[in-house]
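Given the sequences, and given the hints that come with them, work out the whole structure.
2 protein chains.
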Amino acid sequence: MNSKIDTYPIYIEPFHVDFTGRVFLGVLGNHLLNAAGNHSQKRGWGIGALNENRHTWVLSRLSIEMMEMPRNYQHCRISTWVEGVMRLFTNRNFAIEDDMGNVMGYARSVWAMIDMETRRPCDLLTMYDGDILNYVVSDEENVCPIAGHGRFRFRDAALVRTIDTYYSDVDINGHINSVKYIEHILDLFGREQLERGIRRFEIAYKAESYMGDTLSFYVQTNGEDEVDVEVRKNCTPETVGEVVCQARIIFNHVVSDQK
Amino acid sequence: MNSKIDTYPIYIEPFHVDFTGRVFLGVLGNHLLNAAGNHSQKRGWGIGALNENRHTWVLSRLSIEMMEMPRNYQHCRISTWVEGVMRLFTNRNFAIEDDMGNVMGYARSVWAMIDMETRRPCDLLTMYDGDILNYVVSDEENVCPIAGHGRFRFRDAALVRTIDTYYSDVDINGHINSVKYIEHILDLFGREQLERGIRRFEIAYKAESYMGDTLSFYVQTNGEDEVDVEVRKNCTPETVGEVVCQARIIFNHVVSDQK
Numbered sequence: 603m604n605s606k607i608d609t610y611p612i613y614i615e616p617f618h619v620d621f622t623g624r625v626f627l628g629v630l631g632n633h634l635l636n637a638a639g640n641h642s643q644k645r646g647w648g649i650g651a652l653n654e655n656r657h658t659w660v661l662s663r664l665s666i667e668m669m670e671m672p673r674n675y676q677h678c679r680i681s682t683w684v685e686g687v688m689r690l691f692t693n694r695n696f697a698i699e700d701d702m703g704n705v706m707g708y709a710r711s712v713w714a715m716i717d718m719e720t721r722r723p724c725d726l727l728t729m730y731d732g733d734i735l736n737y738v739v740s741d742e743e744n745v746c747p748i749a750g751h752g753r754f755r756f757r758d759a760a761l762v763r764t765i766d767t768y769y770s771d772v773d774i775n776g777h778i779n780s781v782k783y784i785e786h787i788l789d790l791f792g793r794e795q796l797e798r799g800i801r802r803f804e805i806a807y808k809a810e811s812y813m814g815d816t817l818s819f820y821v822q823t824n825g826e827d828e829v830d831v832e833v834r835k836n837c838t839p840e841t842v843g844e845v846v847c848q849a850r851i852i853f854n855h856v857v858s859d860q861k
Numbered sequence: 603m604n605s606k607i608d609t610y611p612i613y614i615e616p617f618h619v620d621f622t623g624r625v626f627l628g629v630l631g632n633h634l635l636n637a638a639g640n641h642s643q644k645r646g647w648g649i650g651a652l653n654e655n656r657h658t659w660v661l662s663r664l665s666i667e668m669m670e671m672p673r674n675y676q677h678c679r680i681s682t683w684v685e686g687v688m689r690l691f692t693n694r695n696f697a698i699e700d701d702m703g704n705v706m707g708y709a710r711s712v713w714a715m716i717d718m719e720t721r722r723p724c725d726l727l728t729m730y731d732g733d734i735l736n737y738v739v740s741d742e743e744n745v746c747p748i749a750g751h752g753r754f755r756f757r758d759a760a761l762v763r764t765i766d767t768y769y770s771d772v773d774i775n776g777h778i779n780s781v782k783y784i785e786h787i788l789d790l791f792g793r794e795q796l797e798r799g800i801r802r803f804e805i806a807y808k809a810e811s812y813m814g815d816t817l818s819f820y821v822q823t824n825g826e827d828e829v830d831v832e833v834r835k836n837c838t839p840e841t842v843g844e845v846v847c848q849a850r851i852i853f854n855h856v857v858s859d860q861k
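Chains as they are written, first to last, in this note's numbering: chain Y, 603 to 861; chain G, 603 to 861.
Be aware that a few hints might be false.
Derived list of chain Y stretches under chain G, where covered just means 3 residues or more per stretch with a C-beta under 8 Å from a C-beta of chain G [to be verified]: (1) 610-618; (2) 627-641.
Covered stretches of chain G, going by a simulated chain Y footprint (3 or more residues, C-beta under 8 Å) [stated by the list, open to error]: (3) 610-618; (4) 627-637.
The set of hints was computed from the structure by calculation and includes no laboratory data. None of these values were measured; they are calculated from a predicted model. Each residue gets a CB set at the ideal place from its N, CA and C atoms; glycine is no exception.
As structure tokens, this is what we get:
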């Protein structure tokens, strides 16, 4: 096993599965973030160590593509590695396997490092004398075969819901937590569509929102299986608010005569 | 260690803590339910085995009282045991300890067994020839020092919020999950009140609700530190709906001149 790649066991708990008996995508996202945190912490790049120097990681993109979603009571594992580092961003990939080593899906993520006081991005290549480059796993060593993060183009998105945010939405920093956006976005869909299952989910985080902010969800259908969602905060009758995140959901294709 | 008492390790993940850095009560409740499920499964009374005979456990009451809430990244453990069995209900208790064995809090729960088709309760004392009595731990063996479940009396409760329920609220059976009620109830409170921390939380589950039901929250303040909440489903302008659950929250007392 490549020493730059960590494997993180997960177990699918009964309250963490949806009405199809498969893990909620938000819960899976949470497991991925925990695997990432664990991997970077072991290499001296964990949030605890970084915070002492007023730095922290910020998740910018997350794309998850699943051939099969883990089921209730299933033991699985997540392997994670750093695919590359640029000046302001680093790419981290994931593979999700069952306990026999069969691949169930993959994920890609993009992270920035910011200064917690100025909120400005840091140069990853010079921090700690470029130490992060020691952990890069090349494509020859381990490949992540899913497509990269896509681009969003909102042209005819329609407002479908506005929600208030509360205590349970907020993380230790007082921000709406990354996983909660995924939950609220999937909550836009009805039972029939969600029963199809999600093949790919992408999210781009654009701005922070806080407890008490209102979130407005704009939905645009790109095709039979694909829907884009833009989340804006604190829209008013006069203003369109600020974009907080954008997501693309690709549902499993259902052949219509099987319906 | 008493062989009728199991110990279940838990770890407080970063996305499972609130803005005070302490675990969300709903997440702690989820851990308690997992510890319970694990304990009963090991003794042949798990949901998997029961479902084969069309039986399942239904949580009726849960009361959690904490001296100290587990913190971010903390390793803790939950011990759980059966305190007693009546014909239609069984009492299960919990102790929550840190990894040095210092008690952080306790919980009590009441469960019924139902037939999944008729939804009628079963006689626990005669099922499997009274096998469940083999697991009872008397008060002499292990004591749970917190008060029993209280009674609710709603006299002047005011409607403070009505919400729709969605995909993320629902468990594998299509019911709004027990933990989600706890989250929605705590979401009624503002930042200042939640910063005090919760000393005791009680909930009585009265009826099931389903994805798409609306939930209305009626709040009654009993004193400086104590609030009762009644949740009703599908209220209309003409009807008061049906009671789904009732909860009591006792916040940590704050001496006013310290405010």
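Hint-by-hint comparison with the structure:
Check on the stretch 610-618 of chain Y: 3 of its residues sit with their Cβ under 8 Å from a Cβ of chain G, so the three-residue criterion for coverage holds. Using a Cβ-Cβ cut-off of 8 Å, 5 residues of the stretch 627-641 of chain Y lie near chain G, which meets the minimum of three, so the contact claim holds. With a threshold of 8 Å between beta carbons, the proposed coverage of the stretch 610-618 of chain G by chain Y holds, since 3 of its residues qualify and at least three are required. Remark: the stretch 627-637 of chain G is confirmed as covered by chain Y, as 4 of its residues place a Cβ nearer than 8 Å to a Cβ of that chain, reaching the required three.
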